[in-house]
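Visitor: This is what each chain is made of:
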Amino acid sequence: MAAIGAGLAVIGAGIGIGKIGGDANSAIARQPESTGDIRGSSLIFAALIEGVAFFGVVVGLLFAIK
Amino acid sequence: MSFTYPLLASTISASGGEGQNPFEYLFAHVVAHKVGSFMGFTVWNFQLFQVAAIVAIFLAFAPVRRAIQASGGGYATRVLAGWVSWIRDEMVYPNMGEAMGKKFLPFFLSIFFFITFQNVFGLVPGGATATASVYVAAALAVIIMLMMIVGGMLVQGPVKFWTSLVPHGVPLWLLPLIFPLEVIGLFIKPIALTVRLAANMTGGHLVLLSFMGLAFYFGANYGTGLGLVVTPVSVGLSVFIMIIEGFVSLLQAYIFTLLSIIFVSQALHPDH
Numbered sequence: 497m498a499a500i501g502a503g504l505a506v507i508g509a510g511i512g513i514g515k516i517g518g519d520a521n522s523a524i525a526r527q528p529e530s531t532g533d534i535r536g537s538s539l540i541f542a543a544l545i546e547g548v549a550f551f552g553v554v555v556g557l558l559f560a561i562k
Numbered sequence: 003m004s005f006t007y008p009l010l011a012s013t014i015s016a017s018g019g020e021g022q023n024p025f026e027y028l029f030a031h032v033v034a035h036k037v038g039s040f041m042g043f044t045v046w047n048f049q050l051f052q053v054a055a056i057v058a059i060f061l062a063f064a065p066v067r068r069a070i071q072a073s074g075g076g077y078a079t080r081v082l083a084g085w086v087s088w089i090r091d092e093m094v095y096p097n098m099g100e101a102m103g104k105k106f107l108p109f110f111l112s113i114f115f116f117i118t119f120q121n122v123f124g125l126v127p128g129g130a131t132a133t134a135s136v137y138v139a140a141a142l143a144v145i146i147m148l149m150m151i152v153g154g155m156l157v158q159g160p161v162k163f164w165t166s167l168v169p170h171g172v173p174l175w176l177l178p179l180i181f182p183l184e185v186i187g188l189f190i191k192p193i194a195l196t197v198r199l200a201a202n203m204t205g206g207h208l209v210l211l212s213f214m215g216l217a218f219y220f221g222a223n224y225g226t227g228l229g230l231v232v233t234p235v236s237v238g239l240s241v242f243i244m245i246i247e248g249f250v251s252l253l254q255a256y257i258f259t260l261l262s263i264i265f266v267s268q269a270l271h272p273d274h
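Line order of the protein sequences matches chains A and B.
Just so you know, we're using my numbering here: the first sequence kicks off at 497 and counts up by one.
Just so you know, we're using my numbering here: the second sequence kicks off at 3 and counts up by one.
This is chain B alone, in the form it adopts within the complex:
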């Protein structure tokens, strides 16, 4: 694609590719790429942002414990403390009960804030959304799946967990149909969690990419003048989508955590 667009020309040459088209340049933000190697392992840019998310969580939440116990702290600390107690009171306790919720609260808090920080780091300029990778989302979902299966077998007993998958009052001739369906459902739930998180994060970036690409498309195909005319519209739409994505990145962390809470508590207590 021969491309002469004045605003982006410097960016493209700065990134090293003469023949690189703008869509590839923008798409490089969405897909994972290698940034180096560490002790024989290839390091992807997503991993850097995962580590950054963990470091940021530790830095942000170090004063929160004191803020909750003694109700002090700065502005951000108080916001995070309120957020933590909101998750406890609105998400974990109503769905798991207080006794079990106390044990699982740290885990679900970590899941929630890990996903949130990863999602939000994807919106930072130059950042990459680690959760947009299927592998990252699948790893999180596998943890949930193991908690459902292993935790359910530990709490209910190894045999009773599998027998209590079938709801009460099912006729006997339906059992060969219902039991495989319930077992498949046990594995479909984490897959659905994976696809929902990864596809939402990738989808938001792709929408942003297509709105930004609008200006480049008009500039490349219909002349630089029309490209410059379209640019404000394109940038405005991108900003609009960016705001929506800021909301979506919080919403998806909420959805992932809430559904994991529901799935895990269902696996631990089959009765409700």
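In isolation and in its complexed conformation, chain A is listed as follows:
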């Protein structure tokens, strides 16, 4: 069960980070001069999503260890 939970968390994070990456790439393609700003903010949002995903993975890990 814990492995299934971790997998579900990874699905959510994958969708979220994939969407950020795709949108950031198309934004850079539209406006190459603001590459730095777009990269910085997309990193921040990727980190926020990743943090939520890690909550799921850590809870799954705790259940798996116990």
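None of these hints come from the bench; they were simulated from the model.
Among these hints, one or two may not hold up.
Partner residues are not named here, just some residues of chain B that face chain A (Cβ under 10 angstroms, in silico) [as the list claims (entries may be wrong)]: (1) A194; (2) R198; (3) A200; (4) T204; (5) L230; (6) Q254; (7) Y256; (8) I257; (9) L260; (10) L261; (11) I264.
Reference listing, derived: stretches of chain A covered by chain B, where coverage requires no fewer than 3 residues with Cβ under 8 angstroms from a Cβ of chain B [to be verified]: (12) 513 to 520; (13) 537 to 544.
Computed from a predicted model, the values in this text were never measured in an experiment.
Beta carbons: idealized from backbone N, C-alpha and C, even for Gly.
Given the coordinates of chain A, assemble chain B onto it according to the supplied hints.
Guide: Chain B in isolation, oriented as in the chain A frame:
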């Protein structure tokens, strides 16, 4: 687990455990273990690497001040000086403003380089990643939380800090819902910082552990020959993950510092 793998046999007996399986041996790199005691306190291996990180920071940054003022110095010193001014110009000043950023720059520089050095020391052979421990990451996040709450109350006034948590223009009947949410959010932010840093550092090591364990697994379960065949693949994947981890250990220090800068500046200036 009965285990006969020629390459690791010497390592296992050298570390003292006959019945120790390779996964436990590799896992010992990830989890904290006691190395001795000092003045009645138990010393963990993470603490040694934290002290080493502080010493390394002082050694590395001693010539940087002169390098920034007089633009001299060796190769490493110039790299570090450029790094410091990058953090100032790209992370602290744009998010906090120049007046407040000047006061907070030393603190965020220390946070950034403390985390960076701890993360990188975990990649050194025989090293341990102190930030992979939840306690270390939580201690760093508690400092940020105190800066948010105490600093916000000092700058804005003790009452206005709590009232300005609620954004302007919220209908009155929503206040009982919004205010507890904002207060909880104040505590969720450091928890998220903790989990992000500690889980990222532990996760990288666990991925590395499972790729290295691949060779041991095949060697133990399907014979030594297949283990030797799998070993190059396993080592190659480990090297690949190690490169990624070198990037991640810098990225996580960046993320932690940038999010703390944003959180602290939000707590000090609620308007933007």
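Visitor: Indicate, hint by hint, whether the structure satisfies it.
Guide: Cross-check of the supplied hints:
Satisfaction of the interface hint for A194 of chain B is found here, the shortest Cβ-Cβ separation to chain A being roughly 5 angstroms, below the 10 angstroms cut-off. Of the supplied interface hints, the one on R198 of chain B holds, with its beta-carbon coming within about 4 angstroms of a beta-carbon of chain A, less than 10 angstroms. Because the beta carbon of A200 of chain B sits about 8 angstroms from the nearest beta carbon in chain A, less than 10 angstroms, this interface hint is met. Here the hint on T204 of chain B is kept, as its CB sits about 9 angstroms from the closest CB of chain A, short of 10 angstroms.
Because the smallest distance between the Cβ of L230 of chain B and any Cβ of chain A comes to about 30 angstroms, over 10 angstroms, the interface hint for this residue is violated. This hint holds: Q254 of chain B has a C-beta 8 angstroms from the nearest C-beta of chain A, less than the 10 angstroms allowed. The closest approach between the C-beta of Y256 of chain B and any C-beta of chain A is roughly 8 angstroms, which is under the 10 angstroms cut-off, so the hint is satisfied. Taken as an interface hint, I257 of chain B checks out: its beta carbon lies about 4 angstroms from the nearest beta carbon of chain A, inside 10 angstroms.
A cut of 10 angstroms between beta carbons decides the hint on L260 of chain B: the least distance to chain A is about 6 angstroms, and the hint holds. With a least beta-carbon distance of about 7 angstroms to chain A, the hint placing L261 of chain B at the interface is held under the 10 angstroms criterion. Of the supplied interface hints, the one on I264 of chain B holds, with its beta-carbon coming within about 8 angstroms of a beta-carbon of chain A, less than 10 angstroms. Note: the stretch 513 to 520 of chain A has 0 residues with beta-carbon separation from chain B under 8 angstroms; the three-residue rule is not met and the coverage is violated.
Residue count for the stretch 537 to 544 of chain A with a Cβ under 8 angstroms from a Cβ of chain B: 4. That meets the three needed, and the coverage hint holds.
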